[in-house]
Amino acid sequence: NAGVMQNPRHLVRRRGQEARLRCSPMKGHSHVYWYRQLPEEGLKFMVYLQKENIIDESGMPKERFSAEFPKEGPSILRIQQVVRGDSAAYFCASSPGLGEKLFFGSGTQLSVL
Amino acid sequence: KNQVEQSPQSLIILEGKNCTLQCNYTVSPFSNLRWYKQDTGRGPVSLTIMTFSENTKSNGRYTATLDADTKQSSLHITASQLSDSASYICVVSSINTNAGKSTFGDGTTLTVKP
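Taken in sequence, the protein lines are chains A and B.
Sequential numbering from 1 applies to the first sequence in the working numbering.
Sequential numbering from 114 applies to the second sequence in the working numbering.
What the hints contain is simulated information worked out from the structure, not anything from laboratory work.
The reader is advised that the hints may include incorrect statements.
Claimed, not checked - Calculated pairs, DSS-like style, for lysine-lysine (alpha carbon to alpha carbon, straight line, at most 25 Å):
(1) K101/A / K44/A
(2) K214/B / K170/B
(3) K184/B / K214/B
(4) K27/A / K71/A
(5) K51/A / K184/B
(6) K71/A / K170/B
(7) K71/A / K184/B
(8) K114/B / K62/A
(9) K51/A / K27/A
(10) K101/A / K170/B
(11) K101/A / K150/B
(12) K114/B / K130/B
(13) K101/A / K62/A
(14) K184/B / K101/A
(15) K130/B / K150/B
(16) K214/B / K62/A
(17) K51/A / K71/A
(18) K101/A / K27/A
(19) K62/A / K150/B
(20) K150/B / K51/A
(21) K150/B / K27/A
(22) K44/A / K130/B
(23) K27/A / K130/B
(24) K62/A / K170/B
(25) K130/B / K101/A
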């Protein structure tokens, strides 16, 4: 049973470009969470999704950021018109149900030049 | 406001020594507390979960304690190994929120030297 898969592991973008981060949850997991981790800081919750639904996006910036978890395929975190401050590690986690243990992916390191 | 404070921020110990990491929280109403280990460049991995009624839980050389009255937890690592070098994150969940939106501490960075 493969773990949570995130790709790419490293993503380099220039200011103003778009970044698309992908997350495939563990098999059987229908709950997906995205977190951002700045250097030397802890993980900060961004968004919680279930298949085809955004359940809680209270941690997501209001502009430029969006997330989806379609019926088929991975969850996508999309950042439009990236700025240098978006440079961070973005982690995805999945769980089989509400309140259950989170399983994290290895993250995508986004660098904005 | 729900908060999780971890101390120390960083710690350096020699291989074979023991250490204790601290976690204080103000999350309420309390549901559970997890300790995660995050290796450099990797995602966190769960070590233990503590619920309200549990005082101590062990996972190999890792032992977590919980005092729900004082809202404190500790993670004790026995006979440290080089592979224990990582960030240890305390995560506290409220019964009012799902596990994914739990409150994360900033972590303690442990370095084990030979």
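Hint check:
{"no.": "1", "hint": "K101/A / K44/A", "result": "holds (17 Å)"}
{"no.": "2", "hint": "K214/B / K170/B", "result": "holds (23 Å)"}
{"no.": "3", "hint": "K184/B / K214/B", "result": "holds (19 Å)"}
{"no.": "4", "hint": "K27/A / K71/A", "result": "holds (14 Å)"}
{"no.": "5", "hint": "K51/A / K184/B", "result": "violated (35 Å)"}
{"no.": "6", "hint": "K71/A / K170/B", "result": "violated (39 Å)"}
{"no.": "7", "hint": "K71/A / K184/B", "result": "violated (41 Å)"}
{"no.": "8", "hint": "K114/B / K62/A", "result": "holds (21 Å)"}
{"no.": "9", "hint": "K51/A / K27/A", "result": "holds (13 Å)"}
{"no.": "10", "hint": "K101/A / K170/B", "result": "holds (16 Å)"}
{"no.": "11", "hint": "K101/A / K150/B", "result": "holds (14 Å)"}
{"no.": "12", "hint": "K114/B / K130/B", "result": "violated (36 Å)"}
{"no.": "13", "hint": "K101/A / K62/A", "result": "violated (28 Å)"}
{"no.": "14", "hint": "K184/B / K101/A", "result": "holds (21 Å)"}
{"no.": "15", "hint": "K130/B / K150/B", "result": "holds (18 Å)"}
{"no.": "16", "hint": "K214/B / K62/A", "result": "holds (18 Å)"}
{"no.": "17", "hint": "K51/A / K71/A", "result": "holds (6 Å)"}
{"no.": "18", "hint": "K101/A / K27/A", "result": "holds (14 Å)"}
{"no.": "19", "hint": "K62/A / K150/B", "result": "violated (31 Å)"}
{"no.": "20", "hint": "K150/B / K51/A", "result": "violated (28 Å)"}
{"no.": "21", "hint": "K150/B / K27/A", "result": "holds (23 Å)"}
{"no.": "22", "hint": "K44/A / K130/B", "result": "violated (32 Å)"}
{"no.": "23", "hint": "K27/A / K130/B", "result": "violated (39 Å)"}
{"no.": "24", "hint": "K62/A / K170/B", "result": "violated (40 Å)"}
{"no.": "25", "hint": "K130/B / K101/A", "result": "violated (30 Å)"}
The structure fails hints 5, 6, 7, 12, 13, 19, 20, 22, 23, 24, 25 (numbered hints given earlier, in ascending order).
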